[in-house]
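Counting from 2, one number per residue, gives the positions in the sequence shown under my numbering.
Since the hints were derived computationally from the structure, they do not count as laboratory data. Keep in mind that this is a model prediction, so the values were computed, not measured. Some clues are possibly wrong.
Derived pair list, reagent style DSS-like, types lysine-lysine, alpha-carbon separation capped at 27 Å [what the hints assert, rightly or not]:
1. 21 - 6
2. 89 - 140
3. 6 - 34
4. 7 - 140
5. 89 - 100
6. 89 - 21
7. 140 - 223
8. 237 - 223
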Amino acid sequence: MSDAKKQAALDYHSQPIPGKLSIEITKPTESAKHLALAYSPGVAEPCREIARDPENAYLYTGKGNLVAVISDGSAILGLGNLGPLASKPVMEGKGVLFKRFAGINSVDIEVNAESPQAFIDTVARIADTWGGINLEDIKAPECFEIERALVEQCNIPVFHDDQHGTAIVTAAGMLNALAIAGKPIEEARIVCLGAGSAAIACMKLLVSCGARAENIFMLDRKGVIHSGRDDLNQYKAMFATETPLRTLDEAIEGADVFVGLSGPNLLSPEQLSRMAESPVVFACSNPDPEIHPDVARETRDDVIMATGRSDFPNQVNNVLGFPFIFRGALDVRATCINEAMKVAAVHAIKDLAREPVPQVVLDAYEVESLTFGRGYIIPTPLDPRLLGEVSSAVAQAAIDSGVARRSYPSHYPLTSVDEVYGG
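Put together the whole structure using the sequences plus the hints.
See the structure below:
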């Protein structure tokens, strides 16, 4: 990043006041009567009601529209383990996205924990404060155990977005890309370079969407994850296949799909040239992908390409998922975000990309048209229809799968953040 851009980023976060979020008052406070209702003695009445029935917290407090964004700072974006406090700008940023796209309030919490169990204990003890918990930037494999334990111990949705948000958006784009390529997902041969939390979650969700585990070849730093290796943790072992393939160079031969969740420039033009017809390449390392889109298109004019970057078509962006997944989960008071809800989000995002794009989206991106095809397989983050389509699909899946504690609220179907939640 240039010096000018670095300074612009620092200025954005520090001016005119430090940080990116503030707390707003939602009730009148102009008179002594108002203050007596807001605090003592009036506040005693909702306290008694919540003590009588904990569900009343959703009626008398902001719990139902409040998410905690929690990290230990052990895997900050592409920066690595910088510690809890250094993760705070990212966690605040996540809160901005929750508010901007789904009207959800959030508080960021950075936990300085000496072990995964200490992190779990800390979060579990304060979980009743919120309607949901978004885990963020926690390194693998600890993130798997942390999420599993908190899902078991908490009666609210717990969602590690680095895993599942990435997986949901990837799967939505992948289903569309394979449809354009004329390849059923059940028959697609998939190479996944990377075996961290996002990679494992992506492959698990693709299996839930129809991919066959025996057609997935996952690679870590030591090469193909195969059944003959004795150095695999339980999460990698799920994708150990019976295969003689050992390297990316071997695995890529004839592959239909390449998913990169690893590092820059790890897929060579020569390797891309040996993939099957109409290869699907999701090179999601940020900011530098496994193969640059321009290089990929120069190598193969039939490639269907997606990246994690906003300056190229088909951006795999988590903001297409997590705000609306939480919106749907919160609105029906789901006790968790289960596989059915994730798959529902996949198909809602996938289907939206196939619909005509409204003018407001074209104006936002200063383009004349966006049409479903090789250059448009995933909706754009500024598509206002995401709020209604994804949230309602997730809410319905929660109801159908038995994890919702209420039916659709009166404001469904959703129209806009401003109309429903006051901006």
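Check the hint pairing residue 89 with residue 100 against an upper bound of 27 Å on the C-alpha distance. 17 Å, holds
What's the verdict on residue 21 and residue 6, does the C-alpha distance respect the 27 Å limit or exceed it? 18 Å, holds
Need the status of pair residue 89, residue 21: alpha-carbon distance at most 27 Å? Since the Cα atoms of residue 89 and residue 21 sit roughly 11 Å apart, the hinted pair holds (cutoff 27 Å).
Check whether the Cα positions of residue 237 and residue 223 lie no farther apart than 27 Å. Roughly 12 Å separates the two Cα atoms, so the pair holds.
Regarding the pair residue 140 and residue 223, is the alpha-carbon distance no greater than 27 Å? 19 Å, holds
Taking only the CA atoms, is the gap from residue 7 to residue 140 under or equal to 27 Å? 26 Å, holds
What's the verdict on residue 6 and residue 34, does the C-alpha distance respect the 27 Å limit or exceed it? 50 Å, violated
Just to be careful, I want the Cα atoms of residue 89 and residue 140 compared with a cutoff of 27 Å; is the pair within it? 16 Å, holds
When held up to the earlier numbered hints, the structure conflicts with hint 3 and nothing else.
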